[in-house]
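Colleague: Here's the letter readout for the chains.
2 protein chains.
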Amino acid sequence: MKKTTTRLADGRELIYYDSRDDVVRDAVDHRPLDPVATASEIRHDRLLGDDVAIASHRQARTYHPPADECPLCPSLGGRLSEIPAPDYDVAVFENRFPSLAGDSGRCEVVCFTSDHDASFADLTAEQAALVLEAWTDRTAELSQLPGVEQVFCFENRGEEIGVTLGHPHGQIYAYPFTTPRTERMLRSLAAHREATGGNLFDDVLADELADGRRIVLEGEHWVVFVPYAAHWPYEVHLYPKRRVPDLLALDDAARTEFPQIYLEVLRRFDRIFDEGNGRGGRAAGRGGRAAGAARTPYIAAWHQAPLRAEHRAEFALHLELFTIRRTSGKLKFLAGSESGMNVFINDVPPEAAAERLREVASES
Amino acid sequence: MKKTTTRLADGRELIYYDSRDDVVRDAVDHRPLDPVATASEIRHDRLLGDDVAIASHRQARTYHPPADECPLCPSLGGRLSEIPAPDYDVAVFENRFPSLAGDSGRCEVVCFTSDHDASFADLTAEQAALVLEAWTDRTAELSQLPGVEQVFCFENRGEEIGVTLGHPHGQIYAYPFTTPRTERMLRSLAAHREATGGNLFDDVLADELADGRRIVLEGEHWVVFVPYAAHWPYEVHLYPKRRVPDLLALDDAARTEFPQIYLEVLRRFDRIFDEGNGRGGRAAGRGGRAAGAARTPYIAAWHQAPLRAEHRAEFALHLELFTIRRTSGKLKFLAGSESGMNVFINDVPPEAAAERLREVASES
Chain U
1 MKKTTTRLAD
11 GRELIYYDSR
21 DDVVRDAVDH
31 RPLDPVATAS
41 EIRHDRLLGD
51 DVAIASHRQA
61 RTYHPPADEC
71 PLCPSLGGRL
81 SEIPAPDYDV
91 AVFENRFPSL
101 AGDSGRCEVV
111 CFTSDHDASF
121 ADLTAEQAAL
131 VLEAWTDRTA
141 ELSQLPGVEQ
151 VFCFENRGEE
161 IGVTLGHPHG
171 QIYAYPFTTP
181 RTERMLRSLA
191 AHREATGGNL
201 FDDVLADELA
211 DGRRIVLEGE
221 HWVVFVPYAA
231 HWPYEVHLYP
241 KRRVPDLLAL
251 DDAARTEFPQ
261 IYLEVLRRFD
271 RIFDEGNGRG
281 GRAAGRGGRA
291 AGAARTPYIA
301 AWHQAPLRAE
311 HRAEFALHLE
321 LFTIRRTSGK
331 LKFLAGSESG
341 MNVFINDVPP
351 EAAAERLREV
361 ASES
Chain G
1001 MKKTTTRLAD
1011 GRELIYYDSR
1021 DDVVRDAVDH
1031 RPLDPVATAS
1041 EIRHDRLLGD
1051 DVAIASHRQA
1061 RTYHPPADEC
1071 PLCPSLGGRL
1081 SEIPAPDYDV
1091 AVFENRFPSL
1101 AGDSGRCEVV
1111 CFTSDHDASF
1121 ADLTAEQAAL
1131 VLEAWTDRTA
1141 ELSQLPGVEQ
1151 VFCFENRGEE
1161 IGVTLGHPHG
1171 QIYAYPFTTP
1181 RTERMLRSLA
1191 AHREATGGNL
1201 FDDVLADELA
1211 DGRRIVLEGE
1221 HWVVFVPYAA
1231 HWPYEVHLYP
1241 KRRVPDLLAL
1251 DDAARTEFPQ
1261 IYLEVLRRFD
1271 RIFDEGNGRG
1281 GRAAGRGGRA
1291 AGAARTPYIA
1301 AWHQAPLRAE
1311 HRAEFALHLE
1321 LFTIRRTSGK
1331 LKFLAGSESG
1341 MNVFINDVPP
1351 EAAAERLREV
1361 ASES
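If you read the protein sequences in the order shown, they are chains U and G. In terms of my numbering, the first sequence opens at residue 1 and continues consecutively. In terms of my numbering, the second sequence opens at residue 1001 and continues consecutively.
By construction, these hints were calculated from the structure, which means they are not laboratory data. Keep in mind that the hints are not guaranteed to be accurate.
[Stated by the list, open to error] To be clear about the criterion: a stretch of chain G counts as covered by chain U if any three or more of its residues have a C-beta under 8 Å from a C-beta of chain U, and this derived list gives those stretches:
#, region
1, 1154 to 1160
2, 1173 to 1185
3, 1200 to 1207
4, 1224 to 1232
5, 1327 to 1335
6, 1344 to 1351
[What the hints assert, rightly or not] Simulated DEER-style distance windows between Cβ atoms:
#, chain 1, residue 1, chain 2, residue 2, range
7, U, 203, G, 1195, 34 to 40 Å
8, G, 1308, U, 117, 53 to 59 Å
9, G, 1308, U, 207, 29 to 35 Å
10, G, 1191, U, 331, 35 to 41 Å
11, G, 1068, U, 196, 54 to 60 Å
12, G, 1328, U, 198, 50 to 56 Å
[Claimed, not checked] Sample of chain U residues facing chain G (criterion: CB under 7 Å; computed from the structure):
#, residue
13, 45
14, 53
15, 56
16, 229
17, 301
18, 335
19, 339
20, 343
21, 344
Just so you know, even glycine gets a beta-carbon here, dropped at the ideal spot from N, CA and C.
Generate the whole structure from the sequences, applying the supplied hints.
Modeller: Rendered as structure tokens:
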């Protein structure tokens, strides 16, 4: 793997991650860009106890551009995008419309491939491994920035959840605080340690493996299951079997196995809603997807230990992947109960979700 | 006000609230309904510490029926709906597809008016006062049910947030636990009491009134403001000036003033996204709405003290009203940061939201 760090015309960082070591990345960004003027502000809600990022400059952000104006494609034929090179493997750059900026953190865009029409699920294992390297490296780099408390690598996929750029990409948020969701896990972890002396992540994983009904896929180093109290119609959690606090601490064996596990899960996600379609009953399209089938919208969220948490070694790195689609053509909305009271209603029993996700396994 | 309690064919309760005392409600539900078979189950998430309602029977619920099959319209001309009467003022009944049922609580539907094409904002002050009476009475009744810990009256409005029945209606959830959002407020309240001896709700309200920049509307008994750390593009909180823990404790003066305050705020919400439209610059449609203008999707959520909270008298009843629309034609989605980490990104500065909501005031 070769990493090349450079700058865009307005001073933002751009980092190439290449699988070949002999690639030269010296393309210059020739766009006449104004310096980025962001006004991101973190405000504390005294009643709810959380922090909100107020980012008004984002209202002007790029919104569903036509494919030939995609800012994440390579710069080719005189068309200048965010990536000045004529091709790339994986490219990461600072978001021009960041939710977090300056003292409030940092936002980056991760382009998974230069292929505009691909999805993460279409990547080869080698390409996915390179993305994992990029996530890991960015976590290391962003952790060094002053004020950063937690690094969050994620992917939003699908117009249904508001994705405005079709090019396959994810994002990284470097928060200047520990997020409320992680705070909740840390509280549960502390209470469980107090009560039992054990590690709650380890115990939940052991219980899921012993029960078995919600296990979707098990590798040598990773296990994938639908959680007992899943909040979303189809939701899986991917845990390395050996607990580590963050991506940097993953060992080579887990790192090597991850791409095949994750790609298989993503491909299954795209088959959940194929009608009357179990094992083998589908037309093989790109990445095993039925031709013309609607891609499943999803959010993929890497949970890593906050940088300065008191018992950070007890935290368990894991990936939470879920879709907001509850059945073919119907979405799960966060309405009164979820948004008003933070109580989730899930119409798909976790055991049924796990069964479906086993049913649509790839042929091997 | 006259209240009449009866039963639907499958045993569910139906309650009429009429403004006239001489109305007779003796219509019988003649539908051949099977008994409601629900399988709602509450599951505890050990890591997040919250409870999820798993309600698989809801997948079959009524989904965007044509207007002439609306289950919330009165029963007329041989067409039998959920309300057997040929007309009604306000009607409340147990949901046939409840998220919470049996030991897990209860879900009710509140029909605001028999007029299928109206919105809450179209109601007269008298009609809105009747809805307030219904909310108050249902809170009292549901609080008596065994196992109920918190009563939540709310309205989801708009297809954009997943509303599948166009008829103007709200819902009431009687939860068998204190909701996570309320827990957070109670925690902040306790910490503030400990630190200052004061009441956090009172202090926040006093600070908003003193600052003034986010005040949208002030009556004699109610004040409406955009919170300092608003989570949603347009979000307002309505507080009675005299703090009370729940709807039952509202005094007559606040009760009497509420309809005009709330109706005005709802009408302003429908005008937020009218292009180039300030005070008086619009065609007057129904309820003051510009003819043909898109109605603003919103969630309106009544926050009431949990029934058995330790310091419940310290809680402040209030209504939180917010829209997921961030600009004309664009929605705010809860994607990676919000759904993955519970960190909200808000693209509209609260002061700008308040200014817009003052700008679109009704002429008086």
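Colleague: Against each hint, give a clear statement of whether it holds in the structure.
Modeller: Cross-check of the supplied hints:
Against chain U, the region 1154 to 1160 of chain G contributes 3 residues with a C-beta closer than 8 Å to a partner C-beta. That satisfies the three-residue criterion, and the hint holds. Given as covered by chain U, the region 1173 to 1185 of chain G passes the check, having 8 residues with a CB less than 8 Å from a CB of that chain where 3 are the minimum. Counting residues of the region 1200 to 1207 of chain G whose beta carbon lies closer than 8 Å to any beta carbon of chain U gives 3, which meets the minimum of three for the stated coverage. As drawn, the region 1224 to 1232 of chain G meets chain U at 5 residues by the rule of a beta-carbon pair under 8 Å; at three or more, the given contact holds.
Counting residues of the region 1327 to 1335 of chain G whose beta carbon lies closer than 8 Å to any beta carbon of chain U gives 7, which reaches the threshold of three, so the coverage claim holds. Given a C-beta distance limit of less than 8 Å, the hint that chain U covers the region 1344 to 1351 of chain G holds, as 7 residues qualify and 3 suffice. About 35 Å separates the C-beta atoms of residue 203(U) and residue 1195(G), a value consistent with the hinted range of 34 to 40 Å. For the hinted restraint 53 to 59 Å between residue 1308(G) and residue 117(U), the CB-CB distance of approximately 56 Å keeps it satisfied.
One distance hint, 29 to 35 Å for the beta-carbon pair residue 1308(G) and residue 207(U), holds here, with the actual separation near 30 Å. Here the CB-CB span from residue 1191(G) to residue 331(U) is close to 37 Å, well matched to the stated 35 to 41 Å. Against the hinted window of 54 to 60 Å, the Cβ-Cβ separation of residue 1068(G) and residue 196(U) comes to about 59 Å, which satisfies the hint. Hint check: residue 1328(G) to residue 198(U), Cβ distance near 53 Å, so the stated range 50 to 56 Å holds.
Given the 7 Å rule on beta carbons, the hint for residue 45(U) holds: about 4 Å separates it from the nearest Cβ of chain G. Restraint check, residue 53(U) versus chain G: the minimum CB separation of about 5 Å is within 7 Å; hint holds. With its C-beta approaching chain G no nearer than about 5 Å, residue 56(U) sits inside the 7 Å limit, and its interface hint holds. At a threshold of 7 Å, the smallest CB-CB gap from residue 229(U) to chain G is about 4 Å, leaving the interface hint in force.
Among the interface hints, the one on residue 301(U) holds; its C-beta lies about 3 Å from the nearest C-beta in chain G, closer than the 7 Å criterion. Taking 7 Å as the C-beta cut-off, the interface hint given for residue 335(U) holds, the closest approach to chain G being about 4 Å. The interface hint given for residue 339(U) holds, since its Cβ lies 6 Å from the closest Cβ of chain G, which is under the 7 Å cut-off. Interface restraint check: residue 343(U) against chain G, minimum CB-CB distance 5 Å, threshold 7 Å, status holds.
Taken as an interface hint, residue 344(U) checks out: its beta carbon lies about 5 Å from the nearest beta carbon of chain G, inside 7 Å.
The structure shown violates none of the earlier numbered hints.
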